[in-house]
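J.: This is what each chain is made of:
Protein chains: 2
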Amino acid sequence: MTVNFRYAQEKIKLQRTRLQLIKDVSKEGGGGLSTNQEFRDAGAEEWGGTAARGDFDRDYEEREELTIERIQEMLEKRQFKELKDELENNMYPVDLADILEDVNEKQLVLIFRLLVKEEAAETFSYMNSDLREVLIGALTDSELEEVMEEMYLDDTVDVLEEMPANVVDRLLMVTNEEKRMQINQLLQYPEDSAGSVMNVDYIALNKEMTVEDAILKIRQVGLNRETIYTCYVTEKKRLMGAVDIKDLLTTGESRVIEEIMDTNMLYAHTTDDQEEVARTIMKYGLIALPIVDNEHCMVGIVTVDDAMIVLQEEETEDISIMAGVNPNDESYFGTTVFEHVKGRIPWLLFLMLSATITQMIMNSYEAAIAVMPQLTGFVPMLTGTGGNCGSQSSSLVIRGLAVGEIEFCDLFKVIWKEIRVAVCVSLILAVINGLRIMVMGQGDVLMALTIGVTMACTVIIAKVVGCSLPLLAKKVGLDPAIMATPLISTLVDISTISVYFAIVSGVFQLGA
Amino acid sequence: MTVNFRYAQEKIKLQRTRLQLIKDVSKEGGGGLSTNQEFRDAGAEEWGGTAARGDFDRDYEEREELTIERIQEMLEKRQFKELKDELENNMYPVDLADILEDVNEKQLVLIFRLLVKEEAAETFSYMNSDLREVLIGALTDSELEEVMEEMYLDDTVDVLEEMPANVVDRLLMVTNEEKRMQINQLLQYPEDSAGSVMNVDYIALNKEMTVEDAILKIRQVGLNRETIYTCYVTEKKRLMGAVDIKDLLTTGESRVIEEIMDTNMLYAHTTDDQEEVARTIMKYGLIALPIVDNEHCMVGIVTVDDAMIVLQEEETEDISIMAGVNPNDESYFGTTVFEHVKGRIPWLLFLMLSATITQMIMNSYEAAIAVMPQLTGFVPMLTGTGGNCGSQSSSLVIRGLAVGEIEFCDLFKVIWKEIRVAVCVSLILAVINGLRIMVMGQGDVLMALTIGVTMACTVIIAKVVGCSLPLLAKKVGLDPAIMATPLISTLVDISTISVYFAIVSGVFQLGA
Numbered sequence: 005m006t007v008n009f010r011y012a013q014e015k016i017k018l019q020r021t022r023l024q025l026i027k028d029v030s031k032e033g034g035g036g037l038s039t040n041q042e043f044r045d046a047g048a049e050e051w052g053g054t055a056a057r058g059d060f061d062r063d064y065e066e067r068e069e070l071t072i073e074r075i076q077e078m079l080e081k082r083q084f085k086e087l088k089d090e091l092e093n094n095m096y097p098v099d100l101a102d103i104l105e106d107v108n109e110k111q112l113v114l115i116f117r118l119l120v121k122e123e124a125a126e127t128f129s130y131m132n133s134d135l136r137e138v139l140i141g142a143l144t145d146s147e148l149e150e151v152m153e154e155m156y157l158d159d160t161v162d163v164l165e166e167m168p169a170n171v172v173d174r175l176l177m178v179t180n181e182e183k184r185m186q187i188n189q190l191l192q193y194p195e196d197s198a199g200s201v202m203n204v205d206y207i208a209l210n211k212e213m214t215v216e217d218a219i220l221k222i223r224q225v226g227l228n229r230e231t232i233y234t235c236y237v238t239e240k241k242r243l244m245g246a247v248d249i250k251d252l253l254t255t256g257e258s259r260v261i262e263e264i265m266d267t268n269m270l271y272a273h274t275t276d277d278q279e280e281v282a283r284t285i286m287k288y289g290l291i292a293l294p295i296v297d298n299e300h301c302m303v304g305i306v307t308v309d310d311a312m313i314v315l316q317e318e319e320t321e322d323i324s325i326m327a328g329v330n331p332n333d334e335s336y337f338g339t340t341v342f343e344h345v346k347g348r349i350p351w352l353l354f355l356m357l358s359a360t361i362t363q364m365i366m367n368s369y370e371a372a373i374a375v376m377p378q379l380t381g382f383v384p385m386l387t388g389t390g391g392n393c394g395s396q397s398s399s400l401v402i403r404g405l406a407v408g409e410i411e412f413c414d415l416f417k418v419i420w421k422e423i424r425v426a427v428c429v430s431l432i433l434a435v436i437n438g439l440r441i442m443v444m445g446q447g448d449v450l451m452a453l454t455i456g457v458t459m460a461c462t463v464i465i466a467k468v469v470g471c472s473l474p475l476l477a478k479k480v481g482l483d484p485a486i487m488a489t490p491l492i493s494t495l496v497d498i499s500t501i502s503v504y505f506a507i508v509s510g511v512f513q514l515g516a
Numbered sequence: 005m006t007v008n009f010r011y012a013q014e015k016i017k018l019q020r021t022r023l024q025l026i027k028d029v030s031k032e033g034g035g036g037l038s039t040n041q042e043f044r045d046a047g048a049e050e051w052g053g054t055a056a057r058g059d060f061d062r063d064y065e066e067r068e069e070l071t072i073e074r075i076q077e078m079l080e081k082r083q084f085k086e087l088k089d090e091l092e093n094n095m096y097p098v099d100l101a102d103i104l105e106d107v108n109e110k111q112l113v114l115i116f117r118l119l120v121k122e123e124a125a126e127t128f129s130y131m132n133s134d135l136r137e138v139l140i141g142a143l144t145d146s147e148l149e150e151v152m153e154e155m156y157l158d159d160t161v162d163v164l165e166e167m168p169a170n171v172v173d174r175l176l177m178v179t180n181e182e183k184r185m186q187i188n189q190l191l192q193y194p195e196d197s198a199g200s201v202m203n204v205d206y207i208a209l210n211k212e213m214t215v216e217d218a219i220l221k222i223r224q225v226g227l228n229r230e231t232i233y234t235c236y237v238t239e240k241k242r243l244m245g246a247v248d249i250k251d252l253l254t255t256g257e258s259r260v261i262e263e264i265m266d267t268n269m270l271y272a273h274t275t276d277d278q279e280e281v282a283r284t285i286m287k288y289g290l291i292a293l294p295i296v297d298n299e300h301c302m303v304g305i306v307t308v309d310d311a312m313i314v315l316q317e318e319e320t321e322d323i324s325i326m327a328g329v330n331p332n333d334e335s336y337f338g339t340t341v342f343e344h345v346k347g348r349i350p351w352l353l354f355l356m357l358s359a360t361i362t363q364m365i366m367n368s369y370e371a372a373i374a375v376m377p378q379l380t381g382f383v384p385m386l387t388g389t390g391g392n393c394g395s396q397s398s399s400l401v402i403r404g405l406a407v408g409e410i411e412f413c414d415l416f417k418v419i420w421k422e423i424r425v426a427v428c429v430s431l432i433l434a435v436i437n438g439l440r441i442m443v444m445g446q447g448d449v450l451m452a453l454t455i456g457v458t459m460a461c462t463v464i465i466a467k468v469v470g471c472s473l474p475l476l477a478k479k480v481g482l483d484p485a486i487m488a489t490p491l492i493s494t495l496v497d498i499s500t501i502s503v504y505f506a507i508v509s510g511v512f513q514l515g516a
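Respectively, the protein sequence lines represent chains A and B. Add 4 to the 1-based position in the first sequence for the working numbering, that's all there is to it. Add 4 to the 1-based position in the second sequence for the working numbering, that's all there is to it.
Not one of these hints is a red herring.
Here are the simulated SDA-like pairs of lysine to any residue, each with C-alpha atoms no more than 25 Å apart in a straight line:
| # | chain 1 | residue 1 | chain 2 | residue 2 |
| --- | --- | --- | --- | --- |
| 1 | A | Lys287 | A | Cys413 |
| 2 | A | Lys346 | B | Leu431 |
| 3 | B | Lys417 | A | Tyr130 |
| 4 | A | Lys421 | A | Val480 |
| 5 | B | Lys250 | A | Asp89 |
| 6 | B | Lys417 | A | Glu343 |
| 7 | A | Lys346 | B | Arg424 |
| 8 | B | Lys287 | A | Leu118 |
| 9 | B | Lys346 | A | Leu439 |
Everything labelled a hint here was simulated from the structure, so no lab data went into it.
Work the whole structure out from these sequences, hints included.
T.: Okay, here's the thing in structure tokens:
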């Protein structure tokens, strides 16, 4: 408890220093960008507007942005004290982690050692794994110990999962016994489960406590918790209810927690899928969702910021799969050329070989093609249009499934809608294309009609196949995203070419 | 102030009733699903696990899920008091809004009138616009007035934007003067701007206040604010700093706000793009971002739950555009067939007509095709593989741009990476396809080599075009998502066919 209060004091002192510092700068009439606006100015071009500045907020705003150039300049001039101050008061850990990617190893270690330990730990958790390894190699055991102590447990687990075994050993060696046990526990949850993204630091209250007791408890332990916005009521570790900090503050202090707690709260299990947990947090507008184990004991919370990251990752994964790329957890640049090839080749190979079917169909009409070679000119247009139609339908359905708007039971409703859309679309396309054929002298009315009928069949088949395959995939437990453009367009190619040559060889009496 | 305290009392009473009720049910030994688990059970199939239940949490958990069937049954039996209780204590507004879509008009109005006003307002804000119109037609002026009073201002604005003019007039008539002015203000912000999604209810503190004063103020006004987790320090309305509720609670009560406030906080302008605001909230893990006007006066906040919705909408929009569908704000089923056609036809038409170029190229090789008709059999495979390769690259780059990982200045880095990937991929594809051609007797070594070289050129062109067009689009201010599969595959079709026929007519001396 005393320790926590010490932190609080420390923090206040820092804040004071900061205010003082800003005022000094503004008195000296220091120009440059305003601190508050650093993030706006960095993205000013994108944001469209120019950052507004007035005299009124001088006292608080005058501070030059801490860029990589300024940091390196200060390092060269050995202005360590000034740099330390600026790093504390004029830099966000997530931005610093970006900057550290572009400095050399010596500077990296130097800068990292200037950080106060909370910020060091947070910056460390935002770094990429290469940078972390360099840093771990350079820091002393006691420095590492401090970082490990300050990091939230979920971040620690993320770090450990990405490190080679010898580094993990070293990190675990400098971690205290209790935390090591918690880490081992978390590492055992399956990948992509709620347990693997949850945070074990939350505020637990008893239902017998008064509101006053509860607020006192928050005062004591709050600084070590990632979020205090919602507190959880447990009895022998079992989750009984939730109390929002707002309710605690707006209620009489003598009331008992049991009276004001919400017993109708949502929760999830450690083994639940992280995406479902994130979607629940989003749907109900929650700040955090409590996670319980099989005995209904509360073991952690998933917070809204982690939920946002989960959703972004899942959406990136969906977009990759929809483009025929096996997803990995790394970023685009973080993925090596070899891994990119590995992720892309399976679908390309499978689809290329599937196209053999198309080829065999066309080869069976070789004689017809030899007689009327101009027929083949229409093939890319027909397969292209079919592919685009199928891709429109499948993408909309895949997205509808992902956000929970469409379900398997809507199958016939979706198909009926797509058929009506397809009829309208194909009529418009067929008429315009028919006119084009005649105007450009590529054929007579019969040719225009033939292509038109093929177009209509193609569009309708493409839309029905495109909308139903994702739903069927979902039903049999596959990821609907695999039923996207690449696969759909290959299937549509096959059907388009079959339909096309069947129709033209009938109409023009070419015989296969 | 007195009003606020009255609400607090009311809420506590409700919570007590709820607890009491649950205990009664469990004493009667009522079976059925547990309340807490209703949301899990509803999605049990998807979630993969079975909901764990034990005896330990009986007191709090025994409550049957309030399904549409049970609601309708209670309405028929005229058990209004019981239904009112259940609606208060066993139902989330977002779920109720879903259920209300499936009841008839009479039941809709009946159920809505049973809701306590806070829940009525929240349910109303989750409804679709058709349902809202029905309800507005059925409610009395004073009932509407209550709903309008209880709704958060950002939700009110959303409702008004979707209503026909006569309904808007009626709604504004029952709104008090002050709120009407605020609404008019909000309606003037451009669509998709931070101003249009912000909430004007936040807690403003003065820097001279002590922590004790601040907590007292939160107690007084907190219940009417959407979020109290972060409070903002203003001076003559100008944004000076931010204080987290955690800092207020963990700090000595006599400290002055100026000492503990964070002056280095992030903020955005009313005219900033809502997606950028949402991405900032996500990047920095914020609960809310303050929004200021051109005079740096604070006018509202964008909260993390709204940011999540903005991001989901933007991602749905991106996926639509990437599939060649002009996005609209409605859901899949909320969009009429005519609107679906309108959204899909422009790209289909444009791409179909662009395919005329492909056709003209093929027609110019008519003589060659007549001599070797089997050449055309390779066309769908080559264009398909090219399209898939291009679509892989463009999708990864579009996503990288959306999440801020890739920027225009990375153009050459991206192209270099894609070229290396393309070389590896094309080698693998060409060799395997060459073997297939010979094994299946579709051609000799020369044919296999020719197709292999074409394949390699196609893949490299596709990957370079696919990765650079989204970046170039971004540079000239277009949405990178339009440079996705449909457009890329049409462009790749043209280049593939040009390359293919140029190579084969050279190798087999066919002459155009």
